[in-house]
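2 protein chains.
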Amino acid sequence: MARKSGSHSEITGPRIRAEAQRLFARHGFAAVSMRQIAAAVGLQAGALYLYTPDKESLLFDLLKGHMDDLLAAWAATPRAASPLSRLEGFVRFHIRFNLDRAEAVFLSYMELRNLGPANFATIEALRRAYEDELEAILRSGQAEGSFMLPDTKLATLAIIAMLTGVNTWFREGGRLSRATVEEIYWDMVRKAAGA
Amino acid sequence: MARKSGSHSEITGPRIRAEAQRLFARHGFAAVSMRQIAAAVGLQAGALYLYTPDKESLLFDLLKGHMDDLLAAWAATPRAASPLSRLEGFVRFHIRFNLDRAEAVFLSYMELRNLGPANFATIEALRRAYEDELEAILRSGQAEGSFMLPDTKLATLAIIAMLTGVNTWFREGGRLSRATVEEIYWDMVRKAAGA
DNA sequence: GTCTATAGAAAGATAGAC
DNA sequence: GTCTATCTTTCTATAGAC
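As you go down the protein sequences, you meet chains A and B in turn.
By this note's numbering, the letter at position 53 of the first sequence is numbered 53, and the numbering carries on one by one without gaps.
By this note's numbering, the letter at position 165 of the second sequence is numbered 360, and the numbering carries on one by one without gaps.
Take the hints with a grain of salt, since some may be wrong.
Okay, the calculated bits of chain B under chain A, using three or more residues with CB under 8 Å as the criterion [stated by the list, open to error]: (1) 217 to 228; (2) 349 to 360; (3) 377 to 383.
Here are the simulated DSBU-like cross-link-like pairs (lysine-lysine), alpha carbons at most 35 Å apart as the crow flies [stated by the list, open to error]: (4) Lys-191/A - Lys-64/A; (5) Lys-153/A - Lys-259/B; (6) Lys-348/B - Lys-191/A; (7) Lys-259/B - Lys-348/B; (8) Lys-259/B - Lys-55/A; (9) Lys-191/A - Lys-386/B; (10) Lys-348/B - Lys-153/A; (11) Lys-348/B - Lys-64/A; (12) Lys-153/A - Lys-191/A; (13) Lys-153/A - Lys-386/B.
FYI, nobody ran anything at the bench for these hints, they're computed from the structure.
Heads up, the beta-carbon is just placed ideally off N, CA and C, and yes, glycines get one too.
Using the sequences and the hints, build the whole thing.
Written out as structure tokens, the structure is:
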């Protein structure tokens, strides 16, 4: 199993993605050069091309990986019995998951326009699938009369925008703990849903 | 008053800003070159530097102009008598103003990180001033007992995030008119505020 | 006020040595 | 698997002609 020294493919790939994510989130995709990413990892620029065919693919891998993780994590969340409990679960899940991955979330919202049409469509479909999870909850609650919503599609988009907004201001160690933020947002979402 | 032909300073400046805004919004600040902007206006790149000292200043002028317009437009809006009416006025104003200037709004949220510290602080202060307008409404309603909010600061941020989210999906001629969107969001905001 | 021309730096990506 | 070196293109910004 011994490898030649200087051979690190299993560790270098993830490190490249990690540094690229950090730099893209901080400065923006177009503002970050391959040389900067390589320097952050401790490589020369040319070596990056052993791990990605080009810069856009590096971005796409990050966005795709994030969306896959998001959907997998939600799928792994136990399904509560009532629509109201499922909505509460979604609110808490979304805030928690997004705060844990602030950089990836930021990228997924900001750098979509740097993807080509095919890659863009792939990410959009995953985002839509996630939105559909919330919309299904709202529809079921609407159907059984426990929610009062003027429009389930708009409520879906409004709730997700509101929850994702937490990432723009939340700072660890600030005035409010994560748990308190969850409580406050759940209160507002519950009321907005007419529950 | 006759000018030499080829002399267009009064019209060229605004056209540069208009094209820059369009291109920055579409492709991102860092991804757009001065040559592209010049070509869109019908100039050579060097001519742009008669109107802006550098690329960042061009971006800053757009963001600053947008925030000034936003605050001026809100200040010009008649102040309703009750907190509930003022909140409704804010919701409708925000949706309307932002939909009318989708590109500028997009820029103001996406390209802040391309500003230097001083310019960044200027824009942030203006954004804060706008948030304070909504927070004052929420506080007054909370004080007189017509709103029931767990936290006025978070409610401010949540409502603005929710309303600004309209810009990401609204398309003229789609399923819903602007007026209907305003109604639906006002319904959700009113309920979320416990009013 | 705008153009042409260009300086000087930096970008993405590839070739070949080790 | 990584590095050095480089090709080619493009960038921001400036100088000087008109």
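message: With the threshold set at 35 Å, check whether the alpha-carbon distance from Lys-153/A to Lys-386/B stays at or below it.
response: 17 Å, holds
- prompt: Between Lys-153/A and Lys-259/B, is the straight-line Cα distance small enough, at 35 Å or below?
  reply: With Cα atoms ~34 Å apart, Lys-153/A and Lys-259/B stay inside 35 Å; holds.
field: Proximity test - 8 Å, beta-carbon atoms, the region 377 to 383 of chain B to chain A, at least three hits
entry: holds (count 5)
- prompt: Do three or more residues of the region 349 to 360 of chain B come closer than 8 Å to chain A, measuring C-beta to C-beta?
  reply: holds (count 10)
- prompt: Does Lys-64/A lie within 35 Å of Lys-348/B when you go C-alpha to C-alpha?
  reply: 34 Å, holds
message: Taking beta carbons only, do three or more residues of the region 217 to 228 of chain B come closer than 8 Å to chain A?
response: Coverage by chain A holds for the region 217 to 228 of chain B (6 residues, Cβ < 8 Å).
task: Decide if the proposed pair is consistent with the structure: Lys-191/A and Lys-386/B, CA atoms, cutoff 35 Å inclusive.
output: OK: Lys-191/A and Lys-386/B at ~6 Å, within 35 Å.
- prompt: Do the alpha carbons of Lys-348/B and Lys-153/A lie within 35 Å of each other, as the hint requires?
  reply: 27 Å, holds
- prompt: Can the restraint linking Lys-191/A and Lys-64/A be considered satisfied, given a maximum Cα separation of 35 Å?
  reply: Holds, because 33 Å separates the two Cα atoms, which is no more than 35 Å.
- prompt: Are the Cα atoms of Lys-259/B and Lys-55/A separated by 35 Å or less?
  reply: Distance of about 32 Å is within 35 Å: holds.
message: Given the hinted pair Lys-259/B and Lys-348/B, is their Cα-Cα distance within 35 Å?
response: Cα-Cα ~24 Å, so holds.
message: Given the hinted pair Lys-153/A and Lys-191/A, is their Cα-Cα distance within 35 Å?
response: 17 Å, holds
Violated hints for the displayed structure: none, as all numbered hints are satisfied.
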